[in-house]
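Colleague: Taking the hints into account, I'd like the entire structure generated from these sequences.
Protein chains: 2
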Amino acid sequence: MYKKIFFALLVLFTSIAIQAQENLGFGQRREIVSPEIHADNSVTFRLLAPNADSVSVTGDFLPPKGWAQGSEKMTKDADGVWSFTTQPLPSELYTYAFNVNGLQMNDPNNVYYRRDVASTLNVLLIGGGQADVYKVNSVSHGTVAKRWYESPGNEMERRITIYTPPGYENSNTSYPVLYLLHGMGGDEEAWATLGRATQIIDNLIAEGKAKPMIIVMPNGNVAQEAAPGESNLGFYKPQFQLPHTMDGKYEETFIDIINFIDKNYRTIKNKSGRAIAGLSMGGYHSFHISRYYANTFDYIGLFSAAIMPNENVKSKVYENIDATLLKQKLNGYKLYWIGIGKEDFLYKANVEYRDKLDKMNFKYVYRESEGGHTWRNWRIYLSEFLPMIFK
Amino acid sequence: MYKKIFFALLVLFTSIAIQAQENLGFGQRREIVSPEIHADNSVTFRLLAPNADSVSVTGDFLPPKGWAQGSEKMTKDADGVWSFTTQPLPSELYTYAFNVNGLQMNDPNNVYYRRDVASTLNVLLIGGGQADVYKVNSVSHGTVAKRWYESPGNEMERRITIYTPPGYENSNTSYPVLYLLHGMGGDEEAWATLGRATQIIDNLIAEGKAKPMIIVMPNGNVAQEAAPGESNLGFYKPQFQLPHTMDGKYEETFIDIINFIDKNYRTIKNKSGRAIAGLSMGGYHSFHISRYYANTFDYIGLFSAAIMPNENVKSKVYENIDATLLKQKLNGYKLYWIGIGKEDFLYKANVEYRDKLDKMNFKYVYRESEGGHTWRNWRIYLSEFLPMIFK
Numbered sequence: 014m015y016k017k018i019f020f021a022l023l024v025l026f027t028s029i030a031i032q033a034q035e036n037l038g039f040g041q042r043r044e045i046v047s048p049e050i051h052a053d054n055s056v057t058f059r060l061l062a063p064n065a066d067s068v069s070v071t072g073d074f075l076p077p078k079g080w081a082q083g084s085e086k087m088t089k090d091a092d093g094v095w096s097f098t099t100q101p102l103p104s105e106l107y108t109y110a111f112n113v114n115g116l117q118m119n120d121p122n123n124v125y126y127r128r129d130v131a132s133t134l135n136v137l138l139i140g141g142g143q144a145d146v147y148k149v150n151s152v153s154h155g156t157v158a159k160r161w162y163e164s165p166g167n168e169m170e171r172r173i174t175i176y177t178p179p180g181y182e183n184s185n186t187s188y189p190v191l192y193l194l195h196g197m198g199g200d201e202e203a204w205a206t207l208g209r210a211t212q213i214i215d216n217l218i219a220e221g222k223a224k225p226m227i228i229v230m231p232n233g234n235v236a237q238e239a240a241p242g243e244s245n246l247g248f249y250k251p252q253f254q255l256p257h258t259m260d261g262k263y264e265e266t267f268i269d270i271i272n273f274i275d276k277n278y279r280t281i282k283n284k285s286g287r288a289i290a291g292l293s294m295g296g297y298h299s300f301h302i303s304r305y306y307a308n309t310f311d312y313i314g315l316f317s318a319a320i321m322p323n324e325n326v327k328s329k330v331y332e333n334i335d336a337t338l339l340k341q342k343l344n345g346y347k348l349y350w351i352g353i354g355k356e357d358f359l360y361k362a363n364v365e366y367r368d369k370l371d372k373m374n375f376k377y378v379y380r381e382s383e384g385g386h387t388w389r390n391w392r393i394y395l396s397e398f399l400p401m402i403f404k
Numbered sequence: 014m015y016k017k018i019f020f021a022l023l024v025l026f027t028s029i030a031i032q033a034q035e036n037l038g039f040g041q042r043r044e045i046v047s048p049e050i051h052a053d054n055s056v057t058f059r060l061l062a063p064n065a066d067s068v069s070v071t072g073d074f075l076p077p078k079g080w081a082q083g084s085e086k087m088t089k090d091a092d093g094v095w096s097f098t099t100q101p102l103p104s105e106l107y108t109y110a111f112n113v114n115g116l117q118m119n120d121p122n123n124v125y126y127r128r129d130v131a132s133t134l135n136v137l138l139i140g141g142g143q144a145d146v147y148k149v150n151s152v153s154h155g156t157v158a159k160r161w162y163e164s165p166g167n168e169m170e171r172r173i174t175i176y177t178p179p180g181y182e183n184s185n186t187s188y189p190v191l192y193l194l195h196g197m198g199g200d201e202e203a204w205a206t207l208g209r210a211t212q213i214i215d216n217l218i219a220e221g222k223a224k225p226m227i228i229v230m231p232n233g234n235v236a237q238e239a240a241p242g243e244s245n246l247g248f249y250k251p252q253f254q255l256p257h258t259m260d261g262k263y264e265e266t267f268i269d270i271i272n273f274i275d276k277n278y279r280t281i282k283n284k285s286g287r288a289i290a291g292l293s294m295g296g297y298h299s300f301h302i303s304r305y306y307a308n309t310f311d312y313i314g315l316f317s318a319a320i321m322p323n324e325n326v327k328s329k330v331y332e333n334i335d336a337t338l339l340k341q342k343l344n345g346y347k348l349y350w351i352g353i354g355k356e357d358f359l360y361k362a363n364v365e366y367r368d369k370l371d372k373m374n375f376k377y378v379y380r381e382s383e384g385g386h387t388w389r390n391w392r393i394y395l396s397e398f399l400p401m402i403f404k
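Residue numbers (the numbering used here), protein chains in the order written: chain D, 14 to 404; chain C, 14 to 404.
Hints may contain errors.
Given that identical chains are not distinguished, each listed pair holds provided it fits within a single copy or across any two copies.
Claimed, not checked - Straight-line Cα separation of at most 30 Å, DSSO-like style, residue types lysine-lysine; simulated pairs:
no.: 1; residue 1: K276; residue 2: K224
no.: 2; residue 1: K148; residue 2: K376
no.: 3; residue 1: K89; residue 2: K282
no.: 4; residue 1: K78; residue 2: K361
no.: 5; residue 1: K276; residue 2: K86
no.: 6; residue 1: K262; residue 2: K148
no.: 7; residue 1: K89; residue 2: K250
no.: 8; residue 1: K224; residue 2: K78
Rather than coming from a laboratory, the hints here were simulated on the basis of the structure.
Modeller: Here it is as structure tokens:
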């Protein structure tokens with residue numbers, strides 16, 4: 014009987030799995046492997062689509078074509094399996110999708126996805142270089158918690174992602190805290206999923222390159238309690254832009270987050286134990302929060318920061334920018350780090366901001382990278398920023 | 014300049030989002046809403062696929078056709094948008110996919126997915142009934158943590174999902190613990206994603222129907238450190254069956270999990286504060302663990318349990334089953350709950366198991382439901398089981 018039931022279980026689940034995955038006819042159960050990463054780091058993508066007239070693969074491993082993602086045509090074999098093999102690829106975390114007769118679709122043989130605003134794309138990791146720090150490696154792992162904190166300033170409970178380092182739960186040590194902020198369209202999930210922040214910090218701590226630290230990843234959209242699908246709004250289509258993301262409200266109520274963290278975690282409760290960094294809109298937030306809360310952060314990171322004049326927005330947060338920057342300079346800080354890609358549409362805004370800082374003799378470390386406004390750059394910046402803080 | 018940069022940001026992200034989502038040509042930017050839930054709980058599915066010859070929708074809201082999922086043909090409008098509208102649907106969490114010219118694909122306008130083994134399907138929630146307890150509602154939310162615990166018995170660190178109830182972090186109370194086990198093909202993610210366990214417990218606590226408790230969701234595949242994609246094995250295709258899932262090793266090393274939880278959390282450290290429940294293979298594990306660890310659990314839940322004789326498997330865990338069951342009876346317990354669907358392929362095995370218990374005068378509560386071996390049933394069983402424990 015054991016064997017009989019077990020066989021029934023296997024048949025049941027295998028049939029469900031195959032039906033859901035590949036829609037194969039009887040006798041056609043060729044196992045499709047996609048993506049297949051070869052020894053030389055070239056990658057073969059495959060899709061079983063015998064009825065399709067044209068199939069291509071698009072992804073950020075291909076050079077972009079103007080505003081559009083690059084794509085390559087796939088070719089069909091006798092079994093109806095379309096495939097394309099890349100050149101050997103540099104180590105990176107890539108996203109991709111297929112296009113079948115003009116319709117974009119995910120790879121049914123790859124269960125790994127990342128959502129970016131309202132797009133969900135498959136992911137693929139090539140090791141052997143930069144992306145090794147994005148992998149889960151055989152190292153001690155911190156704890157990643159999704160919690161809700163009370164925000165009196167926003168009159169709501171809000172969801173937050175908190176990383177505590179290995180050993181946190183079994184020590185009496187107080188740890189420094191990095192507040193890590195997402196960009197427009199992001200939320201409290203973005204740095205952990207698209208940014209691989211928890212893998213990066215696990216790996217850098219294990220290698221002795223970064224200090225054990227707490228990383229706090231809040232939701233920067235104060236109109237939102239939580240990421241799409243994680244609040245009482247249910248499953249709705251995420252939007253790129255939300256109200257009150259760049260009008261001072263988030264910066265003004267950021268103290269709720271600091272108070273929550275300092276109350277609930279064993280933290281170093283002064284500027285020497287606090288860093289703040291963010292990408293794009295999160296860089297804008299980091300710029301404003303770090304000067305608005307005088308003497309609160311010793312380490313500031315602006316990743317492709319959306320530095321922009323905001324004369325049209327009325328908020329006490331945006332008053333006296335020059336005076337508060339001067340105060341920030343006089344109070345002292347240990348690192349003010351600015352990173353941007355040469356092709357970023359915010360490049361010029363960052364040149365102008367650095368000019369302003371230069372004129373004030375406000376010291377910063379400047380990192381200019383290749384590429385533009387991409388998660389690829391933000392992961393690189395984070396990997397470089399973490400070893401520089403709390404030293 | 015503010016407006017200019019902001020406009021550039023919007024154009025950039027809108028173009029990326031649209032390109033990644035819908036592959037629309039210029040002038041065709043009709044916003045596709047899918048799924049659209051109407052006031053009467055009927056649902057319209059839509060897919061822009063002007064070049065397709067036939068499109069259908071398949072999902073568990075349709076009656077199955079034998080072993081296969083039910084499906085319905087969609088119809089095309091003048092803009093190339095295919096659609097299908099269901100009858101009003103009962104309140105439930107459903108999964109679905111599209112089939113375009115014979116090729117299964119996800120809904121590009123729905124970013125909400127659930128992975129089950131190697132299949133990734135879109136989800137859809139209809140409220141107004143049973144599924145209200147699966148929603149995120151405006152209630153206090155517990156914390157969901159992904160941690161790693163040391164398992165000396167398996168000589169590895171292993172990943173585990175832990176729910177702590179609202180208020181846990183700001184009290185000195187000791188809480189009871191439910192150990193909640195997944196089935197074959199599952200892992201430490203399954204109950205939280207497919208099972209909506211954290212939403213269910215949040216809602217039942219808020220309604221005063223369940224006691225505040227800790228819920229521990231371990232990984233029952235002892236050959237695995239963590240769910241696919243979360244270990245150093247990287248991104249690989251998940252398999253339904255893994256070694257050492259039903260050979261006694263998990264049950265034998267389960268003490269590592271209890272020890273970890275009792276050491277690291279404020280728990281009630283005796284049987285009155287411990288429950289164990291699981292689905293399918295997890296029901297099998299709960300059956301064995303609850304008698305193997307004498308006097309450890311006051312509450313036991315077997316959900317569609319894979320109760321099977323195991324004469325062919327050599328493990329001290331499976332020795333003396335009758336004697337240990339008798340001991341469990343004599344030691345006493347407060348609830349032994351057995352739930353199964355009328356159409357479950359394990360129905361007969363559960364009849365035989367209940368016969369055995371009846372002959373021993375071993376008391377249990379029996380719940381027979383409609384349907385079979387499905388997450389729909391396991392969510393229902395959990396919603397019913399939670400209010401019965403720790404009372």
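Colleague: Each of the hints needs a verdict: does it hold here or not?
Modeller: Tested hints:
1. Taking the shortest Cα distances, K276 and K224 sit within 30 Å of each other both inside one copy (21 Å) and across copies (26 Å).
2. Proximity of K148 and K376 under a CA criterion of 30 Å is satisfied in neither setting, with 34 Å inside one chain copy and 49 Å between copies.
3. In the homo-oligomer, the alpha carbons of K89 and K282 never lie at most 30 Å apart, since the shortest distance is 61 Å inside one protomer and 61 Å across protomers.
4. Taking identical chains as interchangeable, the C-alpha atoms of K78 and K361 lie at most 30 Å apart only when both belong to the same chain, with a minimum of 23 Å there against 60 Å between chains.
5. In the homo-oligomer, the alpha carbons of K276 and K86 never lie at most 30 Å apart, since the shortest distance is 55 Å inside one protomer and 56 Å across protomers.
6. Proximity of K262 and K148 under a CA criterion of 30 Å is satisfied inter-copy only: 28 Å between copies versus 36 Å inside one chain copy.
7. When the C-alpha separation of K89 and K250 is checked against a cutoff of 30 Å, the pair qualifies only between copies, where the shortest distance is 23 Å, while the shortest distance within a copy is 35 Å.
8. Taking the closest pair of Cα atoms, K224 and K78 never come within 30 Å of each other, the shortest separation being 41 Å inside a single copy and 57 Å across copies.
Of the numbered hints given earlier, the model fails hints 2, 3, 5, 8; all others are met.
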